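Given chain A, work out where chain B with the ligands should sit, using these hints.
Protein chains in written order, with numbering that gives the first Met the number 0: chain A, 0 to 221; chain B, 0 to 408.
Think of the hints as simulated: they come from the structure by calculation, not from any bench.
Each hint should be verified, as a subset may be incorrect.
Unchecked claim - Below, simulated SDA-like cross-link-like pairs (lysine to any residue); rule was C-alpha separation at most 20 Å, straight line:
1. A/K162 x A/V63
2. B/K298 x A/L99
3. B/K299 x A/H94
Quantities reported herein were computed from a predicted structural model and do not represent experimental measurements.
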Amino acid sequence: MSIINLQNITKIYQTKEVETVALENVNLEVNEGEFLSVMGPSGCGKSTMLNIMGLLDLPNEGKVLINGTETNQMKDGQLAEFRNETLGFIFQSFHLINSLNVLDNVELPLLYRKSTDKSRRELAKEVLSKVGLSHRMKHFPSQLSGGQCQRVAIARALIGNPKIILADEPTGNLDSKMGEEIMNLLHTVNQAGTTIVMVTHDESIAKETQRIIRFFDGRRIQ
Amino acid sequence: MLKQNKFISIISIAGTALAIMMIMTLIVVNEVKNISIAPEDKRDRTLYITFQVERERVNESSFNTRSGDVSPNIFNKYLSDLKTPEYISIMSDFNPEFKQTVNVEGESNYFQFPRRIVDASYWNIFSFDFIDGNPFSEEDFQSDVRNVVLSESIARELFKGEKAVGRTIQINFENHRVTGVVKDVSTVFKYASGGIWVSRRSHGAVLLVARDKQDFPTIIAEVREAERRYGIENEPWFLYFRGPENQKVNNMDNMWRGNNEEEFRNVIKIENRRRIFLFAVLLIIPALNLSGFSLSRIKKRTSEIGVRKAFGAKKHTILIQVLYENLITSLIGGFIGLIFSYIAVVWLKNWLLGVTDSSTIPLNAFLSPAIFVIVFAVCVLLNLLSAGLSALKASRMSIVNSLNKNDQL
Ligand SMILES: Nc1ncnc2c1ncn2[C@@H]1O[C@H](COP(=O)(O)OP(=O)(O)O)[C@@H](O)[C@H]1O
Ligand SMILES: [Mg+2]
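Next comes chain A alone, as it looks inside the complex (with noise of 0.2 Å):
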C-alpha cells in the first residue's frame, strides 16, 4: 500500500494580476520505504507539491492520502497534530529558529504533542548524536556550519519518529562535500525504515536514490 497517494492535484495561485498553474491534475504514489527524488525545471512546481504532501498548503482539487488517511476534510487544528505526528520537513535554509540554541531547536516538535522536559532533553540528546552534533548543543545556529545546521535540521525532523519526511532541496545551499554529508544521513535514515521525498536540482544526488519523477510546468511527466 502507497504511504503517500495525491490523487489528481491541481493547485493555482491567484494573484491580482495573474492566475498561475503550479500543478495541473497531478497523480502520484509513494511506497513505504521508500526514497522518491523529485525533479524539474525551477519553477515547475516540485515545491508546491512537497507543500501540498505535507498538508501545508491546500490543493485546490484533488485528493491527498496520507498513511491511508484522507486529509482533505481535515480541519486545522487536525492537520497540525497530523503533520505533529507523521511528518517531517528539511528545507534548503534550513529554517532553524536564530533565538534557540541546537538542543532546543531540535526538540521543537516535541513541544507540540504530550512529553516531559526530561524526555524530549533525552530523546534530543539522541537524534544528535545520530547526526554527529552531540558537541554542538549548546551552539547557536548562528555558530556552525551550513552543513551543520542542516544536520540539526535533519535531527528536528527526526525527533518525532515520523514515517515520512519531506525534503525541499537540502543540498541546495551546501557545497558538494556537505552535501554528500547530508546525502549519507538521509540515506541511513531511509534505511531505517522512513520514506523520503526529495527535491533536487543535483542529477546525481538523485541517481542515490530509488526512484525519480521529473515535472515540467506543473505536469508530471515521468
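The following block gives chain B with the ligands in isolation, referenced to the frame of chain A:
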C-alpha cells in the same frame, strides 16, 4: 526574542516604561489617597460628610441658601448621636500655611504653627504614634481646660528637647495643656495631618467610622433620617448633607458639590467619566505607538512561526506564544515604569500630592498588592492593544507564506 531584536526591544521597553510611568503616577497618587494606611488606617470603613446645605424655598425658582462645611450646632443636634457608627467625629480643616501664634507659657519666644481643631473621638479614628503622653479624653474635652496634642517637630521647637507633656502652651495667648506628643504626620493624610491638635468643638468635616463596611447603608439611612428630622424641626427650612461618602468619592476633587443629592451624583458621574476617558487616552496613545514596534518584531518572526506550524503548532498556540513573549517586554517596561513612577511621585510630591517638603511619603502605600495587580493589568491591556492585532494576523497567516516570508502582515 529579546536577543534577536535588541534595538527594537529596548525602544519598546522604554516606550512601555514611559506609558506605565504616566499611568502609574496617576494611579499611585490616587491610591495613596485611598488605601487604608496608618494613621488613616480605617479609611475602608469611614464615611465622610464634608458639606451641608440649609435651604428655604422662597418661590418656584429661588431659595434662601446657607451652605458650608458641617456646623457645630447641626453636628451636635443631628449627627453626634447616630446609632450605627462606631466612632463619630467632627474636625476642622488643616492648612499648614494658616498659622497661629504659639508660645510656651511664661516665655516670650513666639512661634507660628498651624493647628487642627478636633474632638476626643478623633483620636479613636486614626492610629497615631504617641511618643509621649496620651490623647485627650472625652472628659478632658468637656472640661474647661483646653488640651492639645503636639507633633514631634513642633514639641521639639517649642520645648528644645525638654518634656512637653504636662506643660502649658499659649495659642493666640490662650492657655492649653499638652497631653501628648505624636510622630509627625504627612499632609498626604487629609484628616490625620496636623501640627497642633486642639480640643474644641469646631465646624468642619464629619467622619463616621463603621464597625464594618456592611453598615454603610444603615449609616446613610440614619443620616437621611437626621435630615428629615431637621426638616420637621426647622420648617420651612430643609437640610442636605453632601454624603456620607466613602473614601474614594470623598477624594475626588469636585469643583462644585451640588445643592442636593441629584446634582452631587451628577458631578460624580462626570468625574468618573473624565477619569475613564483620561485613562483610555493614556493607554491607547502609547499602545498605538508601540504597535509599530510590535508589528516589526512579529514580522521578523514570520518564518519562525511558519516552522513552528509546520512541525505541529496550532494557531492559538502561536497566538499565545507571541502575546506572551510580547507581554514579557511589557512587564519589564511596566516594572521599570513603576519604579520611575515612584521616583516621580517622591520627587514631584509637592506638585502631585500637594504635600510640603517636610512631610514624608507613606512608602508602604506604594508596595500595596493592589498597585501591583493594577500594573499587571495595565501591562496586559497595553500588550493586547499594541500587539493583539499583529499577533492575530501572524498566527493566521498561511504556513507557506510564513515560511517564504511572503509579507501579508
Ligand atoms: N505564493 C505564491 N503566489 C503566487 N505564485 C506562486 C506562489 N508560490 C509559487 N508560485 C508560482 O507557482 C509556480 C511553482 O512554484 P514552485 O512550486 O515554488 O516551483 P519550484 O519549487 O519547482 O521551483 C511558480 O511559477 C511560482 O512562481
Ligand atoms: Mg522550490
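Here is what the structure says about each hint:
With a CA separation close to 16 Å, the supplied pair A/K162 and A/V63 stays within the 20 Å bound. A distance of roughly 18 Å separates the Cα atoms of B/K298 and A/L99; the hinted pair therefore holds under the 20 Å criterion. Restraint check for B/K299 and A/H94: satisfied, since their Cα atoms lie roughly 13 Å apart, inside the 20 Å limit.
Consistency with the previously given hints is maintained throughout, with no hint failing.
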